[in-house]
Amino acid sequence: MRQTTTEKTTHPALIFWIVAGWVGFVLLPWYGVEDFWFMEWLTDGWPLDTDYAPALFLLLQGEKPWLWPVLPALAAPLLVMRRPKTDPLYAQILLAAGGFGFAWLIAQGLGIGIRGWNAGWLEALFGPLGDRQYGMGYGALIVASAFLFLFTQGIAARGAINGDVFVTGAIGGVIAVVTIFVFFPIAKMLLAAFVTEEGGHSVVVFLSKFFDDRIWGLGCLSGARCGVAWNSLFLAVLVGVLSTALGLVFALVLTRSGFRFKRSLRAITVLPIITPPFVIGLAIILLFGLSGTVTTWVADLVGMRPTRWVYGLPGVLIAQLLAFTPIAFLVLIGVVEGVSPSMEEAAQTLRASRWQTFRTVSLPLMRPGLANAFLLGFIESMADFGNPLVLGGNFDVLSTEIFFAIVGAQYDQGRAAILAIVLLAFTLAAFYLQRFWLGRKSYTTVTGKGDAGVHPEMPRGLAIPVYAVAAIWGAFTIVIYGMILYGSVVQLWGVDNTLTFKHYITAFAVRIEDGGIRWTGSAWDSFWTTMMIATVAAPLTAAIGLITAYLLTRQDFAGKRSFEFGTMLSFAIPGTVIGVSYILAFNIPPIEITGTGLILVISFIFRNMPVGVRAGIASMSQLDRSLDESSLTLGANSWQTFRRVILPLLRPAILAALVYSFVRAMTAISAVIFLVSARYDMATSYIIGRVENNDYGLAIAYSTALIFVMLAAVGLLQLMVGRTRIGRRMSHEQGGG
1 MRQTTTEKTT HPALIFWIVA GWVGFVLLPW YGVEDFWFME WLTDGWPLDT DYAPALFLLL
61 QGEKPWLWPV LPALAAPLLV MRRPKTDPLY AQILLAAGGF GFAWLIAQGL GIGIRGWNAG
121 WLEALFGPLG DRQYGMGYGA LIVASAFLFL FTQGIAARGA INGDVFVTGA IGGVIAVVTI
181 FVFFPIAKML LAAFVTEEGG HSVVVFLSKF FDDRIWGLGC LSGARCGVAW NSLFLAVLVG
241 VLSTALGLVF ALVLTRSGFR FKRSLRAITV LPIITPPFVI GLAIILLFGL SGTVTTWVAD
301 LVGMRPTRWV YGLPGVLIAQ LLAFTPIAFL VLIGVVEGVS PSMEEAAQTL RASRWQTFRT
361 VSLPLMRPGL ANAFLLGFIE SMADFGNPLV LGGNFDVLST EIFFAIVGAQ YDQGRAAILA
421 IVLLAFTLAA FYLQRFWLGR KSYTTVTGKG DAGVHPEMPR GLAIPVYAVA AIWGAFTIVI
481 YGMILYGSVV QLWGVDNTLT FKHYITAFAV RIEDGGIRWT GSAWDSFWTT MMIATVAAPL
541 TAAIGLITAY LLTRQDFAGK RSFEFGTMLS FAIPGTVIGV SYILAFNIPP IEITGTGLIL
601 VISFIFRNMP VGVRAGIASM SQLDRSLDES SLTLGANSWQ TFRRVILPLL RPAILAALVY
661 SFVRAMTAIS AVIFLVSARY DMATSYIIGR VENNDYGLAI AYSTALIFVM LAAVGLLQLM
721 VGRTRIGRRM SHEQGGG
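According to this note's numbering, the sequence shown is numbered sequentially starting from 1.
There may be inaccurate statements among the hints.
[Claimed, not checked] Listed below are the simulated SDA-like cross-link pairs for lysine to any residue, each with C-alpha atoms no more than 25 Å apart in a straight line:
| id | residue 1 | residue 2 |
| --- | --- | --- |
| 1 | LYS188 | GLY516 |
| 2 | LYS502 | TRP473 |
| 3 | LYS560 | ILE583 |
| 4 | LYS188 | ALA429 |
| 5 | LYS560 | LEU433 |
| 6 | LYS188 | GLU123 |
| 7 | LYS188 | LYS85 |
| 8 | LYS502 | VAL489 |
| 9 | LYS262 | ASN693 |
| 10 | LYS85 | ILE114 |
| 11 | LYS64 | ILE114 |
| 12 | LYS188 | ASP164 |
| 13 | LYS502 | LEU492 |
| 14 | LYS262 | TRP355 |
| 15 | LYS64 | VAL23 |
| 16 | LYS85 | ILE15 |
| 17 | LYS560 | ILE114 |
| 18 | LYS64 | ILE180 |
| 19 | LYS85 | TRP66 |
| 20 | LYS188 | THR594 |
| 21 | LYS64 | MET81 |
| 22 | LYS64 | GLY127 |
| 23 | LYS560 | PHE183 |
| 24 | LYS188 | TRP355 |
| 25 | LYS560 | GLN434 |
| 26 | LYS188 | PHE211 |
| 27 | LYS560 | GLY715 |
| 28 | LYS188 | VAL489 |
| 29 | LYS502 | ASN693 |
| 30 | LYS64 | LYS85 |
| 31 | LYS560 | ARG225 |
| 32 | LYS85 | ALA13 |
| 33 | LYS262 | LEU540 |
| 34 | LYS209 | LEU428 |
| 35 | LYS64 | ALA13 |
Calculated from the structure, these hints are not laboratory results.
Fair warning: this is a prediction, and the values are worked out from it, not measured in the lab.
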């Protein structure tokens with residue numbers, strides 16, 4: 001009996017966060033250090049130097065008196081370490097200590113800045129401060145996390161979500177980070193939509209800008225230009241539908257056919273996702289521009305003058321389909337593989353033809369994947385500005401208008417914010433249309449029972465057009481990348497086609513000296529920085545995304561729909577706006593990380609997290625809840641169930657999240673332009689600099705090298721993650737050599 005009592009009154013999670021809170025308060029620098037990656041502060045006067053001192057040492061030196069209330073909040077949870085969770089005092093103390101501590105840190109962080117009080121009314125109320133504070137450091141970050149999770153444990157002790165500590169902590173953690181790194185910076189940016197010329201705020205100013213004819217004009221009905229909102233909507237719908245169809249085509253070829261070269265086809269399919277968008281645009285111009293190879297050949301063949309047809313909607317559509325079809329494919333491949341083979345075999349046993357089986361069984365079960373692939377394609381098209389910038393011509397879209405409003409001579413934050421609100425409205429509409437289309441139907445196909453089935457091949461009537469589309473699009477992709485590769489080894493692309501490796505030598509030269517290897521190429525600094533940032537960001541992105549997907553598909557809690565949309569918000573905002581909003585939000589306390597590598601990691605995590613969320617939701621929609629229930633019945637907690645049962649069945653979703661987040665961190669453009677610094681220069685900003693200097697050969701050579709590096713990384717990730725095999729027997733997929 002004594003052993004049972006001990007088990008009930010020992011709380012490992014509680015002890016962990018109590019210890020973490022005290023370590024953050026007593027040992028770690030409370031305020032931000034110059035570089036978050038290195039521990040130089042250990043040899044620079046820690047713990048007595050006020051720049052690196054922990055909170056306790058600051059208080060002992062008579063500084064930062066506003067940190068005193070943190071001490072009792074940290075001490076209070078010690079009173080309940082040996083109390084059972086059923087004791088009302090257990091929940092009350094954790095809720096009070098965690099809630100007060102977290103709220104106090106937010107209040108003092110927002111209220112006190114580098115110039116003292118951040119608001120005049122605070123100074124009028126409390127008098128001059130005579131002190132100041134900088135951004136949060138390791139100590140403040142860990143103490144804030146401790147208070148947050150102590151609070152969520154108090155909520156669990158009150159019986160929320162069946163008292164599940166892992167689930168309540170995960171919900172609280174995701175809500176906190178999404179609020180801090182998505183809602184807070186975007187809110188600061190969008191607030192500019194209401195700012196008047198005098199610095200005040202006015203709804204009238206907002207309405208006058210919102211209903212601008214350049215946004216909503218219908219001049220295209222009379223032959224003039226359409227408003228940028230309608231252009232963006234039309235383009236996004238086209239890209240969403242076509243990229244989803246192409247992604248499904250390639251997923252079917254890889255899972256429902258006996259095609260022999262599946263690995264090669266998979267590599268071709270994901271190739272565009274690992275390329276800076278403007279490089280694809282340059283290749284399209286070289287092929288289809290006014291002096292392009294294909295354009296001039298066709299003009300000579302038919303005896304017509306070459307035209308600039310590729311500039312505008314056609315060119316942007318082609319480039320975006322090349323860039324975003326891999327996203328649809330990565331989402332759909334897991335869903336198509338996840339359809340239970342035994343259900344398809346059962347339909348055929350009941351004398352259904354292959355076509356009837358595909359149309360009435362397989363395709364309806366793929367609806368979550370189709371809906372999520374369309375949503376991601378729609379949002380990506382809305383947010384993309386690289387392709388419209390290169391190929392848009394007179395076809396203006398919301399993202400390019402936002403870009404020019406911010407970086408152009410006008411520097412109109414208000415107009416940029418208005419355009420971002422319009423973009424958000426379209427995204428919100430697409431989000432709820434997707435939910436309406438899916439409805440409340442069940443798409444579960446994977447249960448706890450063994451499945452020895454084999455996926456049937458496509459019906460002949462479907463296989464022929466699928467093969468044809470895959471062959472044409474695959475060949476087109478190969479041609480595009482052949483042009484990119486060719487452009488990297490000529491003197492001057494389109495002018496002097498003499499073969500040379502000088503661009504690669506300039507970028508990636510290496511010299512071996514007595515002291516070791518010297519990376520003398522001009523691109524090495526940005527390359528190693530990009531690799532480090534992407535390697536750190538990718539697993540964190542996948543982890544947060546999949547945990548969020550688990551909460552959305554497996555748990556019911558208040559505000560679930562708002563929670564889901566909040567996780568998609570950063571994906572819907574153009575990267576340009578994300579970059580500017582991060583500078584506005586995180587250039588001053590309480591979170592002061594502008595110019596550090598950390599701001600790049602955070603921007604990539606919350607910009608790319610929605611892909612992990614959508615891929616996880618699509619895959620988890622096919623996993624029967626009885627798997628979770630069986631695990632819980634056998635004594636496992638939610639964390640063990642998630643780690644040992646759910647995650648092994650989510651390998652396609654894990655791979656999609658890892659691959660996408662890694663390559664987007666390597667190739668992202670829009671937000672990076674604003675967030676890089678002299679110490680943290682990313683590959684894409686380096687490439688843009690070369691393009692601006694008309695050094696196209698070096699830019700393309702660097703891009704080509706990145707493509708090969710990321711292909712190797714994608715292959716390594718696939719090897720590490722592995723594949724999910726639902727059936728026990730080998731199917732025709734074995735032929736995919």
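- Check each numbered hint against the structure and report the violated ones by number, ascending. Violated hints (numbers, rising): 1, 2, 3, 7, 9, 10, 12, 17, 19, 21, 24, 27, 28, 30, 31, 33 and 35; every other hint is consistent with the structure.
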